[in-house]
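4 protein chains.
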Amino acid sequence: MEHNSAIVIAMFGTTVESALKGILNIQDKMTARYPNTPVRFAFTSNIIRKRWQKRAADPEYRQLHPEIPTEVFEVKTVLATIADLQDQGYDSIVLQPTHIVMGEEFLDLGTYVDSLLRMGTIKKKKYKPFYKIALGRPALGMYGTAHPYAEDILAAAKALASDAELARSAQAALVYMGHGNEHFPSAGSYLELAQQMRTLYPDVVTLIGNVEGFPPLSNVINELKRLGVHRVLLKPFMMVAGDHSVNDMAGPEEDSWKSVLEKNGCTVVVAESGLGEIDAFAELFVRNAGEAAADAGISLNA
Amino acid sequence: MEHNSAIVIAMFGTTVESALKGILNIQDKMTARYPNTPVRFAFTSNIIRKRWQKRAADPEYRQLHPEIPTEVFEVKTVLATIADLQDQGYDSIVLQPTHIVMGEEFLDLGTYVDSLLRMGTIKKKKYKPFYKIALGRPALGMYGTAHPYAEDILAAAKALASDAELARSAQAALVYMGHGNEHFPSAGSYLELAQQMRTLYPDVVTLIGNVEGFPPLSNVINELKRLGVHRVLLKPFMMVAGDHSVNDMAGPEEDSWKSVLEKNGCTVVVAESGLGEIDAFAELFVRNAGEAAADAGISLNA
Amino acid sequence: MEHNSAIVIAMFGTTVESALKGILNIQDKMTARYPNTPVRFAFTSNIIRKRWQKRAADPEYRQLHPEIPTEVFEVKTVLATIADLQDQGYDSIVLQPTHIVMGEEFLDLGTYVDSLLRMGTIKKKKYKPFYKIALGRPALGMYGTAHPYAEDILAAAKALASDAELARSAQAALVYMGHGNEHFPSAGSYLELAQQMRTLYPDVVTLIGNVEGFPPLSNVINELKRLGVHRVLLKPFMMVAGDHSVNDMAGPEEDSWKSVLEKNGCTVVVAESGLGEIDAFAELFVRNAGEAAADAGISLNA
Amino acid sequence: MEHNSAIVIAMFGTTVESALKGILNIQDKMTARYPNTPVRFAFTSNIIRKRWQKRAADPEYRQLHPEIPTEVFEVKTVLATIADLQDQGYDSIVLQPTHIVMGEEFLDLGTYVDSLLRMGTIKKKKYKPFYKIALGRPALGMYGTAHPYAEDILAAAKALASDAELARSAQAALVYMGHGNEHFPSAGSYLELAQQMRTLYPDVVTLIGNVEGFPPLSNVINELKRLGVHRVLLKPFMMVAGDHSVNDMAGPEEDSWKSVLEKNGCTVVVAESGLGEIDAFAELFVRNAGEAAADAGISLNA
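Protein chains in written order, with this note's numbering: chain A, 6 to 307; chain B, 6 to 307; chain C, 6 to 307; chain D, 6 to 307.
Excised from the complex, chain A in its bound form:
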């Protein structure tokens, strides 16, 4: 029996047009690596998807935004994107999320993969809708023995050399705003990354705080004070420079990170671009997709 493979890039999604760059860059890199394999993307956020469905049906919006590819207007859920591929004859899927850490959204996708693989096994293997499905790991790795997370964190730190250089040029400390999670203890990965960056780029002070959960911005500020740093390059540690970046990080409100850092005596330079726009970082997901395929025994057509 012949098997056909496809790649689905899964992400939360964004409604900020300029933020699409991060997403499309990852898709471009993936397609460049596997030019003969379909590479689709899917948005998990219902609200964001509905927004794009509305925009798709709005001729005025479409005329104003000729730069937005059709695929964005037609974006579906992860399940519908995978199911359409199955309907079209693809039975081997690599699902590559663009998540940074193994949190709720990533584990939920894991339940999708497990469930899809459980479909259809009463009598004949050939009537299973899927032959193989692989789930690529997040940028900062995940649990498991095949790919030690410490090596993933080190590779991510190396992929962020351009950010270190940006801070160095600005003669500033590099302060990342991560997303974090009040309901999912993932702080260790962020903190280990920051330490690896300080080791790799010893002339740049690199610190990470999270919007939700540990460590909070106050920890970052205490550390800046302890080190006597007064100049900060502020950048989102998120795949796309979307709503969090525009508002929570760099917005004019009193409680934006920029405002709070300034109130604490820092000069703040803002770099509003998502990690997905950094080629070396985007390539991490291409690597992860390829390794997940190899681990599962899926052939991708390069």
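Any given hint could be a false lead.
Note that the list lumps identical chains together, so a pair holds whenever it fits in one copy or between two copies.
[Said to hold, decoys possible] Straight-line distance between alpha carbons at most 30 Å, and here's what the computed DSSO-like set of lysine-lysine pairs gives: (1) Lys163 - Lys129; (2) Lys268 - Lys133; (3) Lys59 - Lys268; (4) Lys137 - Lys59; (5) Lys133 - Lys163; (6) Lys55 - Lys268; (7) Lys131 - Lys59; (8) Lys263 - Lys230; (9) Lys137 - Lys268; (10) Lys230 - Lys59; (11) Lys163 - Lys230; (12) Lys263 - Lys133; (13) Lys230 - Lys133; (14) Lys129 - Lys230; (15) Lys129 - Lys55.
If you're looking for bench data, these hints aren't it; they were derived computationally from the structure.
Starting from the structure of chain A, add chains B, C and D where the hints point.
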């Protein structure tokens, strides 16, 4: 949280244009009962689906067949049909197969339902792609305590009154050709149905044989001989009068049921229409969908 | 990594001391075939197990019944029996039910096997509690392509030669009382077996009725009348000659099968022994266990 | 239908006799809280269980260790312990691991719970072996919305007041040796706990390093140097003071934490007792078991 419901009718599918009547009749009956609920259908056969995809792309074919509804040309797999509904905001699905007995295909759909319900449970219930999914039982019932299969078989026997009448008018025994299965022992349901029909319509000899598995045509012939019956109305015990009906049952080949019965001294009248075309039989699936929804706590908009 | 295998024979259980023979015979046959593999048995009925726990704690009962092996007094649930084996270092289990058909109890055990195999997979394969678990099929087979059920039914019919001989000697029709099920349509397997026996032993009229579900005793009586049979050998089509056999089949009550058959003009000879006591029938489960092990890649130590 | 509940405390286990105190203390606290509910414990380590099985069969050992309770000699796997309870009529189980963080071992137990709950659902609910099973969370919490992990970490920090007092009396920094994991990024929980302790007990420098994974001992040493600390109270951040404590932490080898800290200029006081011996810490598991039961709707008999 608001929930939206939809119905998906699942069947093997057919490429025989005239056989579509059986399918569309069930959809019509379902829509008449639940006019404000989307009622889609899906084909499980990859080969049949591909054939319709080809026909859809063939302008000549489409011009020759204006009677075929667009939905047939765009028919998808069960998974893709359900996933599209999810993408469009439906989180409560009633999946109603048009299977006659609980066999391989039905149980495989059961694994779909179980699997879809297992997706997305790490943290927040609201991020599950589906709220509820119900699987309607086959025409002749299934295991379980909620709906005793003997009652379903009795109801099916009653729904076939017009077939008994047909045989009566033809002064013939009613011989059904069931599908059966060499790998799934489901003969009991067929045999119990035949007995119920003999009880309900005592003036008509009703017998069922299966293409695959037990009881074979030879059993039917032995019984016809024992009873001294020489005139037979031959009819497929299948939802649609597709390939099995056209060839295996009524075809001119030596080993068609018609030929074999004639060789055994019977005059054979053929009735080439699927069970789906009998309104009372089509309604069984409407009942089953409704009861599955009720059992699962899904509201369907009538 | 080294793997250790064990066999668990699962059955409903019985409290009737004389009926234990059927169970112990299957265990003996299994042990004779795999002398270097532990062969345990488990009772699924909570009520029966509790009864044996009480008897185990009753010194008077134990003194009166020195013939009952310790293992019966210590019998546990299927789960606890398998779990004890795991605790003792066995990670490969063949679970062989003594069910006659694939019904509720068999499918429930299937969920046990699936579930046990799903335990423990987050990081290291070696921390899974089980390496492999195989479920042997019932006497009359099950769905699937590996072992066509029609062949299993034929083999069972052959294994019942001694029953045919018994009826022949008694110059009687052989009437089996099966269990059957109001909630699980399994009649086809019984009816196909009866037909195979009539083919193999054409001089003996063999009929099967079920206590629950289709076909009822009335069907058997109608057929006896049609054939003009007045002498019947009545025997349970159950593994052990337990409560159903003692009371429902052969009891003095008006509605026992014996009484009803007599009322319908039959002379009834009763054979109160379970199918498990027939060596050739007991061997079917040894075959099924061996083939399930082979299919799953489990080595049993002969 | 009546339901019976029981509690199973799951832990890796230990062969160090003096370390059993930590385990038994948790069991005692649990029993004190739920005196009318069976409270069993289970060891997940095969090697440790086998060691106790050997000791159990060694009369000399047993005579030398009259202080060890029978339950330790008879300890089983988690599955066998739960299955025995099922065999004895308990269908509602609270499984409370004594894990510190949500890592591999905890998630593996989660697969046990999921799997046990999936057993036996074909027809009748009452034939499910289990009615409800709840998994209590680790000491430092887990993902989910019901019990924010930050609150769990704060509660754990409060429960460690006696350790802070110990360090204060010794006029030393409190350095915990955690286990950590090279294959599971859980460092965030440890680091957040250390910070909470520094906030609650500002006069005590509290630091945590891990045997495996991030943060390593070298991080701890750098921080001690930065703060100019020369006196350290070294204590395992593990439930029992077992092998890691005796050897890796306090052993005489050159690479024990004690030796390395001394080489780096610290005076080291060792406190070799497990967290399970701290009553307030043991009570965290009693709380977690109770809350898991309440969340699942299981009644525990107090």
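Hint-by-hint comparison with the structure:
no. : hint            : result
1   : Lys163 - Lys129 : between (47 Å within a copy, 29 Å between copies)
2   : Lys268 - Lys133 : neither (60 Å within a copy, 42 Å between copies)
3   : Lys59 - Lys268  : neither (40 Å within a copy, 66 Å between copies)
4   : Lys137 - Lys59  : between (34 Å within a copy, 27 Å between copies)
5   : Lys133 - Lys163 : neither (41 Å within a copy, 36 Å between copies)
6   : Lys55 - Lys268  : neither (38 Å within a copy, 62 Å between copies)
7   : Lys131 - Lys59  : between (39 Å within a copy, 23 Å between copies)
8   : Lys263 - Lys230 : within (16 Å within a copy, 32 Å between copies)
9   : Lys137 - Lys268 : neither (53 Å within a copy, 50 Å between copies)
10  : Lys230 - Lys59  : neither (47 Å within a copy, 59 Å between copies)
11  : Lys163 - Lys230 : both (27 Å within a copy, 28 Å between copies)
12  : Lys263 - Lys133 : neither (52 Å within a copy, 36 Å between copies)
13  : Lys230 - Lys133 : neither (59 Å within a copy, 44 Å between copies)
14  : Lys129 - Lys230 : neither (66 Å within a copy, 38 Å between copies)
15  : Lys129 - Lys55  : between (38 Å within a copy, 20 Å between copies)
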